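Engineer: Take each chain as given, in its own frame, and dock them per the hints.
Residue numbers (the working numbering), protein chains in the order written: chain A, 1 to 571; chain B, 1 to 88.
The set of hints was computed from the structure by calculation and includes no laboratory data. Among the hints, erroneous ones may be present.
Claimed, not checked - Simulated crosslink set (DSSO-like; lysine-lysine; CA at most 30 Å straight-line):
| id | chain 1 | residue 1 | chain 2 | residue 2 |
| --- | --- | --- | --- | --- |
| 1 | A | Lys100 | A | Lys563 |
| 2 | B | Lys14 | A | Lys563 |
| 3 | A | Lys277 | B | Lys10 |
| 4 | B | Lys10 | A | Lys543 |
| 5 | B | Lys14 | A | Lys479 |
| 6 | A | Lys425 | B | Lys10 |
| 7 | B | Lys22 | B | Lys10 |
| 8 | B | Lys14 | A | Lys248 |
| 9 | B | Lys22 | A | Lys543 |
| 10 | A | Lys543 | B | Lys14 |
| 11 | B | Lys22 | A | Lys332 |
| 12 | A | Lys248 | B | Lys22 |
| 13 | B | Lys22 | A | Lys563 |
| 14 | B | Lys10 | A | Lys563 |
| 15 | A | Lys505 | A | Lys248 |
| 16 | B | Lys10 | A | Lys248 |
| 17 | B | Lys82 | A | Lys425 |
| 18 | A | Lys100 | B | Lys10 |
| 19 | B | Lys82 | A | Lys479 |
| 20 | B | Lys10 | B | Lys82 |
| 21 | B | Lys82 | A | Lys332 |
| 22 | B | Lys14 | A | Lys100 |
What the hints assert, rightly or not - A few chain A residues facing chain B, derived, Cβ under 7 Å:
| id | residue |
| --- | --- |
| 23 | Ser74 |
| 24 | Thr81 |
| 25 | Ala88 |
| 26 | Phe224 |
| 27 | Thr290 |
| 28 | Tyr296 |
| 29 | Lys543 |
| 30 | Gly546 |
| 31 | Tyr561 |
| 32 | Gly564 |
What the hints assert, rightly or not - Among chain B residues calculated to face chain A with C-beta under 10 Å, some are:
| id | residue |
| --- | --- |
| 33 | Ser5 |
| 34 | Ala9 |
| 35 | Asn16 |
| 36 | Trp27 |
| 37 | Gly35 |
| 38 | Ile36 |
| 39 | Thr46 |
| 40 | Val73 |
Quantities reported herein were computed from a predicted structural model and do not represent experimental measurements. Ideal Cβ placement from N, Cα and C applies to all residues, glycine included.
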Amino acid sequence: MDIQTLTFIIVGLTFALYIGIAIWSRAGSTNDFYVASGGVNPIANGMATAADWMSAASFISMAGIVAFAGYDGSVYLMGWTGGYVLLAMCLAPYLRKFGKFTVPDFIGDRYYSQTARTIAVICAILICFTYIAGQMRGVGVVFSRFLEVDIATGVIIGAIIVFFYTVLGGMKGITYTQVAQYIVLMFAYIVPAVFLSLMMTGHVLPQTGFGATIADGVPGSGQFLLERLDGLSTELGFAEYTEGVRSKVDVFFITAALMVGTAGLPHVIVRFFTVPKVRDARRSAFWALTFISVVYLTAPTIASFAKVNIFNTINGPDLQGVEYDNAPSWIKNWEKTGLITWEDNNNDGKMFYSGDERNEMTIDRDIMVLANPEIGELPAWVVALVAAGGVAAALSTSAGLLLVISTSVSHDLLKRNLAPNITDKQELFYARVAAATAIVISVYFGIYPPGFVAQVVAFAFGLAAASFFPAIIMGVFHKRMNSTGAIAGMVVGILFTFSYIVYFKFVAPELNTQENWLFGISPEGIGTLGMIINFVVAVVVHKFTGDAPEEIQELVESIRYPKGSGEAKSH
Amino acid sequence: MAFESESHAKAYWKENLSLMLKLLIVWFVVSYGFGIILVDVLNEITFFGFKLGFWFAQQGSILTFIVLIFIYVRGMAALDNKYNVHED
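With the rest of the complex left out, here is chain B (with noise of 0.2 Å):
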């Protein structure tokens, strides 16, 4: 066991699956929220020459899929270090 105690273990996982769950909320809402679901409301948006709800299903969503993976690394990183299971 890697991990001080029992209860460290239950806990890195929880904290790992409240990370991964939040990470994944956002990615649902805008891709398959803004993107899809909402795209003819946000379609009557537009701002630079974009419709709202086009941009996020061919732009947006994809930028935002780069900062939530971002986001995960680093917070895998220091969970990782918090209950001391990192690689050397």
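If we strip away everything but chain A, and leave its shape as in the complex, we get (with noise of 0.2 Å):
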């Protein structure tokens, strides 16, 4: 059986499994998954956080955003999972203790203003936007890929998939569906991993792999992988791979957005809200970011694989370059997808990669993942397996972003701030088209990305930095805060960040190197200072303000032990 058919069948069971579970738990309503919820235990809120988390920036493009950038891509591996150890001590308990859905919720009544309550809502809808924009590219690479078309097409094909699958009842991400993705999204990962350590290095488990001697039949066998890629790297003209060539600051910024911007993302607070307790979520975040590293410890192995891979089979063992016409079929196949392209420089018909003028290859970064298999030349159902991760990633998270935006707009927005009258069925209609603009948006974002699918999903990242981050930290921590000082410093802070990105990113996209930009810092690092900008104008606003009132302090007070949490409540 050929791979395309191999992988329908494969996409199709995943498929068939989600739908499955999602009739046989059958949650209807928004408050339903949540009530519903509340009864879940740790391990399986923690499996489905992981899911909901873990979308196409994870799966697809950061184990090739690794790979082509060596230690500067540790960015995302640290700040992916470091955010969750602020979640677990600073948000999530008290949160959870406060007792209401979302943070717009939060931020509403713990600084008592509608107001404050607006703004949050409007974050929390830029936030998503930004972020389901990145998540499209990842969508429509996966089904370039195995439809054999365009990535255009692949976006497009893709976005109808996930407008359907978020517009359809019942497939809300329901705990235990996500439960299935995330089995379904591990295997997808390690498989691959296992069979690439074991080719290269002999060991079984890819995270030790990657630091051990290359196998005897492979190019280098007896060397250190890491330290043949070294030396591949810089004798092609690329930087070392362990070192990197982003300026400290930067990478230290962009660390810090992006793991404060975890611990601020809207979709993955609520799934604390939704434990039965206090001590459920300090534990739910335990164990969400054990599955969640699961397979951040196998990317940095996955990338340093799939790097020595290329430079084997596009520049063969002794770098002279591979004959196009002998070209690895993996080349082929993506060639049809425009993201890998070659041109002949210097005419000898001989590939030919690397990080100087010598280079003829272009290959994009979001392909690393699901090419993998196909470069290590494993089986084809490996390769199934890992298209069948990729959708099961982008569509949960895809899914779960798509009801925030739509239930933002119609509900916390429109229904109970701007228009009050509206009914009902105007409300499901308002929902349905922030939807339906949401997708539209984001497929031309999938189409005409401004930067890598992890890349723009750092910049959602570092909007809820510099906006919630600092006023749910003040609203726990510092029981005077004011709403004033709170709203001041969410407005300065995401307005802040969001020009700055916008600035560099479709402005003056010309300007965007390390010169121009503000202390060396790049627009994905931005969000760590719009933070530090937020907390000091904050601060700084509520000295001339005064304190909050004395019942909201008390407020503050009872969210800072567990006894006597309820049930979360809408509102």
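Structural biologist: What follows is the structure, encoded as structure tokens:
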């Protein structure tokens, strides 16, 4: 059976599984979903959180970025896991005790202000839009490869499937569907890594194979894998793999933006409202990170295996280049998507991949994970399994985000703020309009991406870091913080971060280099500075505007210990 | 008031913050310290084929994060019991 048929079968089977579970557990409304999952144990909730959290950015894009950026790619590895420490210790237990569903609800009540709530809703919408724009590119990469169409068509087909998946009742990301998605995703990630590790180093565990010596029969045998990778990289005009080129300041700021952003992402925080107890909120954070780490500890290994394999298959073992006519099938397959191109600059009929003027290849980083099993010549079912994992990752997160966008617009923004008199029917209508608008915008950015999937997603984290994180932290740890301070902080923080990103990515992309950046901080890392500005503005404004009212301070005191937590309520 | 006294409430919060701060210091040192600021120094040391700084940035910090949350969950459960503010 060829790869394409197998892919259809395996992707189809996993879809049938998700739909089957959805029908079996049958959660009707959003409220049902939250209340129902109130009885979910922390391990299942941890898995579901992991699936919700690991999107196309984690699954498809991250290892590719690490493969191409080497040490610099560590920002994603540390950033997207370290945030759980903040979440577990500074946010989750307190928000659970507070007992509301959404971040705007917390901000609105804690800062006793409708304006604060509205601003929080707008921030949430902006963050989710940015996030989903990144997802759609990932969905597109998967579909374009397996339907053998160009990337634009792949994005459109993927978007249509995501839209129906979300609009279909009962597909709202029920906990058990997400548990299934996590399992599919994890297998799809680990299996090829184990194969590659065995092939290249003889180690079953990729996590240790990554630091081992290269096996017999593979070019460079006897050498440490990472040493070989450093050697090849330098020889071919790239930076040393384990060193990286980004400035320390930038690496620091990007890592911080991703960590803090993780702790401020509305759709992640929501998961901790749904466990029965405060204690379970802490435990869920532990389990979520443990399950996420299964993938995240494997990602750097996949990255380095992939990079060595690319050098070997394109440049050949002797680094003289491989004849295009003898090019491995993965190159031919991916050329159809337009995500790999070869230009024979020196007319020798051979491909050559390097970091200098000898280079003849353009390779999109986002194809790495999906192409990896083909590059390693793994069995066809592994290739198909990876595709199913990619689809699971992209769908679970996109569907969740679309849901947040549509309810934020129709319910939080319109019904509870701007137009309280609309009927339920109108509310539903606006929810669909919002979801459709989000899809259209994300298709546009999927076809004309302002960066690789993980980079676009990084902007969403920066926005979350600059807006929600300080407001929530001060909401818990600074009980006298008042509404004026928090509102001023959020507004200044998000406007600053948003303008900086838009300026360097859209207004003046030609200036997007280190010399022009503020303090050498790239748009990916600017959210950290936005967060600091948010804190400073809030504290200064608070100084001049007096303390929060007594009853609010008592409310804050009461969320600081677990006893007496009830079920989460929607309003 | 769930606490026996005002002083218990204060003490609970103080112990909570102190546990949190200790763990966050480790969090900072391992990721930002070993993985970023001191990475070049640690890269001089290699063990099993890994440069140490690079390993902390790509795997070591993640493993540490898991341990930190584990300690926090245990520590807070003990603290809740000590001050009798745990859930039923």
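Engineer: Against this structure, judge whether each hint is valid.
Structural biologist: Do the hints match the structure? See the list:
1. A:Lys100 x A:Lys563: 16 Å, holds
2. B:Lys14 x A:Lys563: 17 Å, holds
3. A:Lys277 x B:Lys10: The given pair, whose Cα atoms are some 22 Å apart, holds under the 30 Å limit.
4. B:Lys10 x A:Lys543: 24 Å, holds
5. B:Lys14 x A:Lys479: The hint holds at about 15 Å.
6. A:Lys425 x B:Lys10: The given pair, whose Cα atoms are some 50 Å apart, is violated under the 30 Å limit.
7. B:Lys22 x B:Lys10: 18 Å, holds
8. B:Lys14 x A:Lys248: Violated. Lysine 14 of chain B to lysine 248 of chain A sits at ~35 Å, over the 30 Å cutoff.
9. B:Lys22 x A:Lys543: 29 Å, holds
10. A:Lys543 x B:Lys14: The given pair, whose Cα atoms are some 24 Å apart, holds under the 30 Å limit.
11. B:Lys22 x A:Lys332: 54 Å, violated
12. A:Lys248 x B:Lys22: It holds: about 25 Å lies between the C-alpha atoms, which stays within 30 Å.
13. B:Lys22 x A:Lys563: 24 Å, holds
14. B:Lys10 x A:Lys563: Since the Cα atoms of lysine 10 of chain B and lysine 563 of chain A sit roughly 15 Å apart, the hinted pair holds (cutoff 30 Å).
15. A:Lys505 x A:Lys248: 22 Å, holds
16. B:Lys10 x A:Lys248: 40 Å, violated
17. B:Lys82 x A:Lys425: 52 Å, violated
18. A:Lys100 x B:Lys10: 25 Å, holds
19. B:Lys82 x A:Lys479: The hint holds at about 24 Å.
20. B:Lys10 x B:Lys82: Judged against 30 Å, a Cα distance of about 13 Å means the pair holds.
21. B:Lys82 x A:Lys332: Violated, at about 65 Å.
22. B:Lys14 x A:Lys100: 26 Å, holds
23. Ser74: 4 Å, holds
24. Thr81: 5 Å, holds
25. Ala88: Result: holds, 5 Å to nearest chain B Cβ.
26. Phe224: Holds, about 4 Å.
27. Thr290: 6 Å, holds
28. Tyr296: 6 Å, holds
29. Lys543: 23 Å, violated
30. Gly546: 23 Å, violated
31. Tyr561: Nearest chain B Cβ about 4 Å off; hint holds.
32. Gly564: 6 Å, holds
33. Ser5: 13 Å, violated
34. Ala9: 7 Å, holds
35. Asn16: 7 Å, holds
36. Trp27: The hint holds - tryptophan 27 of chain B has a Cβ within 10 Å of chain A, the shortest such distance being about 5 Å.
37. Gly35: Holds. Min distance 6 Å.
38. Ile36: With a minimum Cβ separation of about 5 Å from chain A (threshold 10 Å), the hint on isoleucine 36 of chain B holds.
39. Thr46: 9 Å, holds
40. Val73: 5 Å, holds
Hint compliance for this structure: hints 6, 8, 11, 16, 17, 21, 29, 30, 33 are not met, and every other hint is.
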